[in-house]
Amino acid sequence: MAPFPLNLVQLLGSPQYFIVYLFIGFAFGAVLELAGFAVSSKLAAQFYFKDLTVLKVMFTAIITAMALIFLTSGLGILDYNLVYVNETYLIPGIVGGLIMGAGFILGGFCPGTSLVSAATLKIDGIVFALGAFFGIFLFGETVSTFETWWNSTYMGRFTLMELFNTETGVVVLAVMIMALLAFAGAELAERYVGKKTEKQPRWRYGAAGGGIALAVAVLIVGQPTNADKWNAIASVNQPKLDERAVFVHPGEVLQYMNDRKIVTMLVDVRSEADYNLFHIRDARHVPMDELNSIVEEFHALPDNAVVFVMSNDEEAATAAWRYLVAESVVNVYILEGGVNNWLATFGEGEAETVSAIDSTGTDALKYSFAMAYGDQHPAASPHADRFELTFDPHVVLTLKRGPASGGCG
Amino acid sequence: MTTLSSTQPQAEVPAKTKAARIARPYMHPYAAGILLGLVLFGAFFITGNGLGASGGMNRLVVVFEDALFPAHIDRTPYLISMAGGDRNPLENWVVFVTIGTIIGGFTSGYLNGRVKVEIVKGPKVTNRTRLFWAFVGGTLMGYGARLARGCTSGQALSGGAVLSVGSWAFMLAVFGGAYMLAYFVRRLWN
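Which chain is which? The protein sequence lines are A and B, in order.
Using our numbering, read the first sequence as starting at 30 and increasing by one per residue.
Using our numbering, read the second sequence as starting at 513 and increasing by one per residue.
Treat the hints as calculated values from the structure; they're not laboratory data.
What you are looking at is a predicted structure, and each value in this text was computed from that prediction instead of being measured.
Mixed in with the good hints, there may be bad ones.
Simulated restraints on C-beta separations [as the list claims (entries may be wrong)]:
| id | chain 1 | residue 1 | chain 2 | residue 2 | range |
| --- | --- | --- | --- | --- | --- |
| 1 | B | Asp-586 | A | Trp-232 | 18 to 26 Å |
| 2 | A | His-314 | B | Ala-583 | 37 to 45 Å |
| 3 | B | Gly-597 | A | Ile-241 | 51 to 59 Å |
| 4 | B | Ser-593 | A | Pro-230 | 42 to 50 Å |
| 5 | A | Val-265 | B | Lys-628 | 49 to 57 Å |
| 6 | A | Ala-393 | B | Pro-582 | 27 to 35 Å |
| 7 | B | Leu-684 | A | Glu-191 | 15 to 23 Å |
| 8 | A | Asp-414 | B | Asn-600 | 52 to 60 Å |
| 9 | B | Leu-623 | A | Ser-322 | 45 to 53 Å |
| 10 | B | Ala-583 | A | Leu-426 | 47 to 55 Å |
| 11 | B | Leu-684 | A | Trp-178 | 35 to 43 Å |
| 12 | A | Ala-329 | B | Lys-636 | 48 to 56 Å |
| 13 | A | Asn-321 | B | Leu-623 | 30 to 38 Å |
| 14 | B | Ala-579 | A | Asp-421 | 46 to 54 Å |
If the Cβ cut is set under 7 Å, some of the chain B residues that face chain A in the computed set are [as the list claims (entries may be wrong)]:
| id | residue |
| --- | --- |
| 15 | Gly-545 |
| 16 | Ala-555 |
| 17 | Leu-591 |
| 18 | Ile-592 |
| 19 | Gly-596 |
| 20 | Gly-597 |
| 21 | Gly-616 |
| 22 | Leu-652 |
| 23 | Gly-654 |
| 24 | Ser-679 |
| 25 | Gly-689 |
| 26 | Ala-690 |
Straight-line distance between alpha carbons at most 30 Å, and here's what the computed DSSO-like set of lysine-lysine pairs gives [unchecked claim]:
| id | chain 1 | residue 1 | chain 2 | residue 2 |
| --- | --- | --- | --- | --- |
| 27 | A | Lys-224 | B | Lys-636 |
| 28 | A | Lys-228 | B | Lys-628 |
| 29 | B | Lys-636 | A | Lys-225 |
Note that beta-carbon positions come from the ideal geometry of N, C-alpha and C, so glycine has one too.
Just chain A, same shape as in the assembly (with noise of 0.2 Å):
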């Protein structure tokens, strides 16, 4: 697996692992000092054309992280699932950031260079820091107001590369070149409108040559897919099936779906026939080639939650574990024996509507039923109490890696 991003909550504790992002914010204030944006008429320079330092850092910073975080995402390095992606709110984002365009051009900060500037002791950047926390707590007591709006155009973790519906190489290259564009209108209003005489440093070509060639590499390296991901981790995940240590018993699934305190997903991955004729309580139907859709959602889902997935036998239900545990979902279980072992469990005494069958193909249901029940076959939600089942209960419940919430908290 993908060694990056670290679990901190693991390697350090609690609330220890907050250091970490100390040091990222000091390092973040530093540069943001460095570069000059604690100063108000050096950002807003920016929008009259005479000063672009704030289009440079931005988009250098933008496409130095972008490419480094898809090249170690496509050697294996870092997982890109793991890694937050504002969710998109398009109309909610696209006003907010209209509305900040104005305080940005009126106030001369952003809420981050702001408090750079507080910090150097500017008694404006101190106002526009008092300002914006003034605005903070307006937003709070205003949004319940406007709360449907406020949510509406959700699209989720929605990225470029699915927008163009194109390679991840593609749209890297792509910012890449647009971003070495940029600079050199940026270079050229600076001289013309900003009337800037000084000599640019000849290095920012070689660094330039640089982004193209690490933008390529991103190109020819690739992302990889669900089976580099799988192979990648099956020297640890492949023992596991062979123990039969993910497989878990009926008995132990009907326990979680009965837990208030864990949140229980079941996935049924059959046919849609196979489905309908009957499935479990409360389990979901995704198809095989549809599992993708559902990888952000569970990556979504908290620290008590459990995943079984099913198929009439194991032999889907296996794929779509490797599937899901390759993409990084915690807490993933197969239900052993499949739909035909909870059916031979808990099917009993149903017997006009559960009858066996001699099934030959593999996977198959081996059941028939005499309508289409799906969850309303008395087998569907078992009473616990009904059944006396020993088992070993196979279920370990693991924290996750990578951030919980992300973007702004």
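We have chain A; now place chain B onto it with these hints.
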């Protein structure tokens, strides 16, 4: 008094105190950008989170609110998630990033002789006008940042680097909003 023509701090020799240092010029924008990119990458690489500022400020506001009006917090859905019940709004990564930002900004400013009590403004406005608009701008910034679920750091920088569609749309909106208004308020800065 800084004006646009003197964005590089003047290397005036401070005569009065020992503590005062000569203000060094700022880092070259591209060099600073690469450095900032490395910090941003490091944040993502180690923690999975990017950078943020307004979120931390938000939680600092909520601490005060929670201390004064805990019942109000518990009735406002937006605030509950941060400070409802016995939840501590400060137990969040972004708070520590924010505190670090302030310390880092001061340290760098101090080491480079740029910590100085002053009001930075355009040449044609009074201090009072500058501070008035700084407060108004800050208010808009704070409000907009929470509306957009992140500020220039949390949305534009962080979301931009991981290629989020919403963050790029947001970024264009910020620049668009500022450029649209820039002409009308040019007296503030020029």
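To see whether the hints hold, each was checked on the structure:
1. B:Asp-586 x A:Trp-232: 18 to 26 Å: violated, 56 Å
2. A:His-314 x B:Ala-583: 37 to 45 Å: holds, 44 Å
3. B:Gly-597 x A:Ile-241: 51 to 59 Å: Once the Cβ atoms are compared, 52 Å apart, the range 51 to 59 Å for Ile-241 of chain A and Gly-597 of chain B holds.
4. B:Ser-593 x A:Pro-230: 42 to 50 Å: holds, 47 Å
5. A:Val-265 x B:Lys-628: 49 to 57 Å: holds, 56 Å
6. A:Ala-393 x B:Pro-582: 27 to 35 Å: Hint violated: Cβ distance 59 Å, outside 27 to 35 Å.
7. B:Leu-684 x A:Glu-191: 15 to 23 Å: Hint holds: Cβ distance 18 Å, inside 15 to 23 Å.
8. A:Asp-414 x B:Asn-600: 52 to 60 Å: Violated, at about 41 Å.
9. B:Leu-623 x A:Ser-322: 45 to 53 Å: Holds - the Cβ-Cβ distance for Leu-623 of chain B and Ser-322 of chain A, about 50 Å, lies within 45 to 53 Å.
10. B:Ala-583 x A:Leu-426: 47 to 55 Å: violated, 35 Å
11. B:Leu-684 x A:Trp-178: 35 to 43 Å: With Cβ atoms ~21 Å apart, the hint is violated.
12. A:Ala-329 x B:Lys-636: 48 to 56 Å: holds, 51 Å
13. A:Asn-321 x B:Leu-623: 30 to 38 Å: Violated - the Cβ-Cβ distance for Asn-321 of chain A and Leu-623 of chain B, about 49 Å, lies outside 30 to 38 Å.
14. B:Ala-579 x A:Asp-421: 46 to 54 Å: With a Cβ separation near 50 Å, Ala-579 of chain B and Asp-421 of chain A satisfy 46 to 54 Å, so the hint holds.
15. Gly-545: holds, 2 Å
16. Ala-555: At 5 Å from the nearest chain A Cβ, Ala-555 of chain B passes the 7 Å test, so the hint holds.
17. Leu-591: holds, 6 Å
18. Ile-592: violated, 11 Å
19. Gly-596: Constraint on Gly-596 of chain B not satisfied, violated at 13 Å.
20. Gly-597: violated, 17 Å
21. Gly-616: holds, 3 Å
22. Leu-652: holds, 3 Å
23. Gly-654: This hint holds: Gly-654 of chain B lies near chain A, its Cβ roughly 3 Å from the closest one there, short of 7 Å.
24. Ser-679: holds, 5 Å
25. Gly-689: holds, 2 Å
26. Ala-690: Hint holds; Ala-690 of chain B Cβ to chain A Cβ min 4 Å, cut 7 Å.
27. A:Lys-224 x B:Lys-636: Status holds; Cα separation ~20 Å.
28. A:Lys-228 x B:Lys-628: Satisfied, since the Cα-Cα distance of roughly 29 Å is no more than 30 Å.
29. B:Lys-636 x A:Lys-225: At roughly 21 Å apart (the allowed maximum being 30 Å), Lys-225 of chain A and Lys-636 of chain B satisfy the hint.
Taken one by one, the earlier hints fail for this structure at numbers 1, 6, 8, 10, 11, 13, 18, 19 and 20, listed in ascending order.
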